[in-house]
Amino acid sequence: MSQDFRLDTVGLINRDKKLSFKFNGKNYFGYEGDTLASALLANGVHLIGRSFKYHRPRGFFGAGVDEPYAIVQLYRNNETEPNVKTTEQELFEGLEATSVNCWPSVNFDIGAINNLLKVFLPAGFYYKTFMWPKSFWYKVYEPFIRKAAGLGVASIKHDKERYEHKYEYCDLLIAGSGPSGLASAYAAAKNGARVILAEDKPRFGGTLLTSEVNIGNQTGKEWAENIIAELKEMPNVTVKNRSQVFGYYDHNMVVMSEKISDHLPKTKKHHPKQRLWYIRAKEVLISSGSIERPLVFGNNDTPGVMLSSAAKEYLKVYGVLVGKKPLIFTNNDSGYETAIEFKKNGVEPIILDTRKEPNSEIIDEAKNLGIQIKFSYVVVAAKGYKKVNAAEIAKISDNKNDLGVLENIICDCICVSGFWTPTIHLASQSGNKTKFDKEIDAFVPGISKQNETTLGAANGKFTLAETLKDSFDAGYELSKKITKNDNKVSYPIVVEKNKTTHDKFWCVPLPKGKNYKRFLDFQNDVAVSDIEIALKEGYRSIEHVKRYTTLGMATDQGKTSNLNGLQLVSDMENKIVPEVGHTTFRPPYTPVTIGAIVGREVGKHSRPTRKSPINSWHEKNNAVFVDAGVWLRPRYYKQGNETLFEGSKREAKNVRVNVGVCDVTTLGKIDIKGPDAAELLNRVYTNAWLKLPVGKARYGVMLREDGIVMDDGTTTRISENHYHMTTTTAQAANVLSHLEYYLQLVWPELNVNVVSTTEQWAGAAIAGPKSRDLLQNLFPNIDASNEGLPFMGYLEGELFGVHARIFRISFSGELAYEVNVESDNGNFMWKKIMEIGKEFKIQPYGTEALSTLRIEMGHVAGSELDGRTIPYDNGLEGMISKNKDFIGKRSLNKKAFVAEDRQKVVGVVPLDKKTSIPEGSHLVRDVNAQLPNPKLGYISASCWSVEHDNPFSLAILKDGKNMIGQKLFVMSPLKNITIPVEIVSSHYVDPKGERVRS
Amino acid sequence: MQKYSIFNLIKNAFSGHQNWDLAWKDATPKKEYDVIIIGGGGHGLATAYYLAKEHNITNVAIIEKGWLGGGNMGRNTTIIRSNYMHDDNALFSEFGMDLWRKMSQDLNYNVMFSPRGIINLAHSDAQMNVFARRGNSMRLNDIDAVLLNREEVKEIIPMADFSENVRFPIFGGLMQPSAGTARHDAVAWGYARQADSMGVDIIQNCEVTGFDVSGGKINGVRTSRGDIKVKKIGLCVAGSTNILAEKLNMTIPVETHLLQACVTEPVKPVLDKVVTFGAGHFYISQSDKGEMVMGGDLDGYNSYAQRGNLPTLQHVLTEGIAMMPFLSKLKMLRTWGGIMDMSMDGSPIIDKTHIEGLYLNCGWCYGGFKATPASGWTFAHTIAQDRVHKLNEGYSLSRFNTGHLLDEKGLGTKTWIS
Amino acid sequence: MLHIKCPHCGMRSQNEFSYGGDATIKRPELNKEISDQDWNNFVYNRKSLRGKHLELWQHLSGCRQWIKVERDTATHEIFKTLKANQDI
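First to last, the protein sequences are chains A, B and C. Position one of the first sequence corresponds to residue 109 (the working numbering), numbered consecutively onward. Position one of the second sequence corresponds to residue 1317 (the working numbering), numbered consecutively onward. Position one of the third sequence corresponds to residue 177 (the working numbering), numbered consecutively onward.
Possibly wrong hints are sitting among the right ones.
In silico lysine-lysine, BS3-like type, Cα no more than 27 Å apart, as pairs [stated by the list, open to error]:
#1 A:Lys1066 to B:Lys1725
#2 A:Lys348 to A:Lys588
#3 B:Lys1470 to A:Lys255
#4 B:Lys1470 to A:Lys1003
#5 B:Lys1327 to A:Lys622
#6 A:Lys464 to A:Lys620
#7 A:Lys274 to C:Lys223
#8 B:Lys1589 to B:Lys1346
#9 C:Lys181 to B:Lys1563
Keep in mind that the hints were calculated from the coordinates and are not lab data.
Based on the provided sequences and hints, a complete structural model is requested.
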């Protein structure tokens, strides 16, 4: 089977390997090396989709990254991807694709009714209507508009593909492997520099693949192939195809996305789909080339209208004729190259040149080949709906204002060339203030902002000889700067045809009586008339024009439309282009898959999971876990069908009656050493620390400088100049940085060192009336009596041969100890505690029971110390030393902080002693008060008191100290709950704190 | 003023849309005004509008360094909500919600207010309790709020991660059904058009270079387009407040930071709620155009660069995928950065200053867009009456002295930690 | 991503550091009388200007030293990095 539009021999595709694929349900074939676009064109398919607003037929306009509208929904390996550019998607066996944004089909699209109504839908029409009746926007109009908008369909299935990241350093990163990229890479590599050369297309060589030039004794294409082959062999060079440098960030960080598997039917096992490269380059060479600029005329969005460079690329790279009766419409010499290629392959093109009498070698060549050329001619409008079938053309006056008699000319494609726009995105992203070059009517990079150098067409240099010379020089000079080597390669001799200047003309005027739409932005359907309306209505800043009309905001980000838009605005406003200014280029240059940006940190790995060394025991013993920051902690140990409520009650009760053990490894631990350690503590904590004896622990509260409680914990004096600080799990990292901040910056005179030891120690809290007996059995050689190890005492001992630290501290309010051993021995310790504890009816307890125990004791924790409360609020005013200064003290005298009716922690008990109080409820005086109902306070923590066997809560209550005994209401409107309660002391169990000292 | 309506649209279609009026005039500065609003963003435009509409003060100029709505007004993620815990924030925002609901009709400009609802996801019981505290507070303030359990969340946003392979499972969420989004540019343009029609001068490309202050009183402002005499000045320049404060010899409890946002390529409707992640900082909604609009953490260091770094976006998108794994397959199309006034307690300032005739509106952190109408309304009141309204009483500068702080997050003065 | 020269470790990527704000803010001395205004200037008020900004960073995932960095807040150009005990 032959393909109607495929040439027999021309091109770089592999004709030995046929690939079958499906488009809109129909079977086609192409060849290895095709893009989806080239394969479809080879099959004569030009209708690919529908536009965003008017649903007008859309075909192919470009041949690469600049493509504004030939996008499809792609199906690959049981997955679907929206908005894939056919011009970039390489063909693979079994590829399936469908059109986007049309219903029921691309051939017959209901949405195309918008095209008939387009006169009512100018730029910004939606701001002027859909306002009545008031509720209709959200309920009727918006859903309708939303449904019509959007392009492809996002499947909500999870992504099964893998994406990787790679971090790389190099001397030179070169973006683009056209002539300037190859020359600079070669020169730099030969001079010993570490080079990364990136090419977004599958093939290296850029324009050398399609232009008729000679370098040295070779064709441009051969030269490119040889250079690449040599570069690939060099150990100091990394050459990457399918790799798009899309972002130039601060300090020469360049980011590139490499497509590893997108061109394959499915991703190979253990391979990523894409890889993101973070490259820190000493020098960045931008050789990203240029994009051909369209010419604007009536119905220039009709399928079959395309860039002349794209037509040439389809022909020379893919052996595809985009038409057999091509019309070339150009304002410069580039269109001639395309025409010549057509002619050489047996197709008769007609050239319409807007210029009057241009002269150059290439024009002469076209003339000599007998190509029909019409000077001072323009295309007024394309004819045909789903495909170009003719063109309306006319002679244009020298001043470009008046059209001659309209003529019809039969053609099946219109290849346009409006000269070239340098691809300055990366330079602009780097911070380079680009400047307007009047010679080429486009922006080019100005003074380098970071270490970026722009070369070749991207720098507005359009002759090969100049490009190669600049690029060899740049590669050599920059590499010399870095490597200090001095190996210079000689310039090759270049043979190319000279060209003459382009015509400063892009937008064909409308003939009298005709109202053709002349499009600038093909995907978003922004036409010349839309720009006119925006300006007429006063949206005159280029940013306003862009936002009002959506010019340049489609998935191609205006690569082919922005400059023509600017030109138009400047013409209409009688300004010069640079005065209008262009909108800022920001990364990414082309859309980047979010999965690639994220990399491997997905699913369970989206954040690290930290586990205590005792975790395996917890798992084996039916622990139900809870996330405590990044840590996993047992919430309760489930017995049978126990609920959380039942299980935690059992565990808490067992602590009050017998003894329980809790894994407290996750608590932050900081080792503090040095002669000034006590002084540091004294400044950091609110209470006094200078007289703490060796072998004693003390509870401390630390504040931020704004007076808000930052953290609490106990610190123990291990020896003369050695302290062991504990912090809450959540604040561990912050507290360490906090200490380091003051030690290094504020009080460098203090001779103290701090280091985190959170991971060094495994900790077990054993709590309950029988904990002393258990401790004594665990450590037969210590004196565990109240005298030998009093409350807040500290000892070291041997736990069956393992060194241990023993602290008599309590969070549960019971007689309790905390034992620390080195992490590796954590499991051993735990098992010994469970084994020896058996006779004391020991049970492990989780965070839920721990909460219950602390709540009924009135010990504040994270839900009270929430970054908004001062010590007084938490009943910690007794911890504030009056005799010394400390961090945050100066803030505590603020008016609101010392107000008579300041909020304070209290206890709350339901009057019926039965109804549990939901956390997050509020306290009010009057249930039926008119809203907003004044809130007196909120429930910070709730539990079922195992001591009193009824619900008990802590609350932060306004004027808390004077509210004890008052009857209020707890309200949770979210849960439709109202509970009459009594305010009691927050110390609901053992208010005098006798147990911990028993 | 020309009225916008479907009839007018049709009428104009027949004349080739040649007869549309200017939405607003490009004014040149006069010698003197009663009030000058510095900053042609949403807040400044709204302030001018309400000065004219509510207080009959029309000898007003808005002076803008660049183009109207070009600062954070054009760089936000368009979320509108009043789901605050603190009364001052909640009542202020809810007042704003009322203004949002009637804004399109008020301004005769479709700002596309879309009350589609916002869901804050919770990933632990503890977080559910924190949300309950906030939601109950909202309800007691007569603001709608619903606490959702896991199943209820799943019903509304099935594309969130309810699988086993998840680091922070969804426990539930807090929803404010009346919250939503609006078309940000339209809000600026709508206010500009109305303010202009009532006589306000809108002056673009006019940079403030200094102030004329004497005897503790404001007398005028120096600009790149000449000196202007004025009795009262409203400073409405979130993102540049520190710069102008320096010109006034003031230091303020605000730092300037960069917040990035990004959108994906447009896709057909898949998400019709605004959703925020609870185990990190990430929020998402889908625009009417089909783009998924996403944002999250600050770049993390003082910045005036309207360009961000990729690691922050990577971090934000990591949380995005953790919340909604399907996002992984979409492509990030556009990123941008906005410069934020980060106040030291996360809440804004709308107040008089120690300089007579100088009024300050700043410190909006991430929350400026939704506050546009309420901010304009209360600021106009504060300027016109020379005293704060009850609604912005809490947004005083003095609260940092008195300790009446409005810290919704409890993070204190490290504004760069979000 | 910024590239910050830690005065102790050399050039490192920004993700090894954590930010610490304005380095010119001096904590008032302990046990010293100070006005409300001065205290609030220390706790809350910031200049946060466009241009050169002396700021603190901690080399958190490195040597854990707090360092001073002079950076342009508009361009992110880093002019100088200093040890905690050095002044510009």
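The hints, checked one at a time:
1. Proposed proximity of Lys1066 (chain A) and Lys1725 (chain B) is supported: the alpha carbons are some 20 Å apart, at most 27 Å.
2. At most 27 Å may separate the alpha-carbon atoms for a hinted pair to count; Lys348 (chain A) and Lys588 (chain A) meet this at roughly 23 Å.
3. Using a Cα cut-off of 27 Å, the hinted pair Lys1470 (chain B) and Lys255 (chain A) holds, with the two alpha carbons roughly 22 Å apart.
4. Distance restraint check for Lys1470 (chain B) and Lys1003 (chain A): the Cα-Cα separation of roughly 46 Å exceeds the 27 Å cut-off, and the hinted pair is therefore not satisfied.
5. For the proposed pair Lys1327 (chain B) and Lys622 (chain A), the alpha carbon gap of about 20 Å is at most 27 Å, so the pair holds.
6. About 23 Å separates the Cα atoms of Lys464 (chain A) and Lys620 (chain A), which keeps this hinted pair within 27 Å; it holds.
7. As the CA atoms of Lys274 (chain A) and Lys223 (chain C) are separated by approximately 39 Å, the hinted pair breaks the 27 Å bound.
8. For the hint pairing Lys1589 (chain B) with Lys1346 (chain B), the CA-to-CA distance comes to about 46 Å; that exceeds 27 Å, so the pair is violated.
9. Restraint check for Lys181 (chain C) and Lys1563 (chain B): the C-alpha separation of about 33 Å exceeds 27 Å, so the hint is violated.
Violation of the numbered hints given earlier is confined to hints 4, 7, 8 and 9; the remaining hints are satisfied by the structure.
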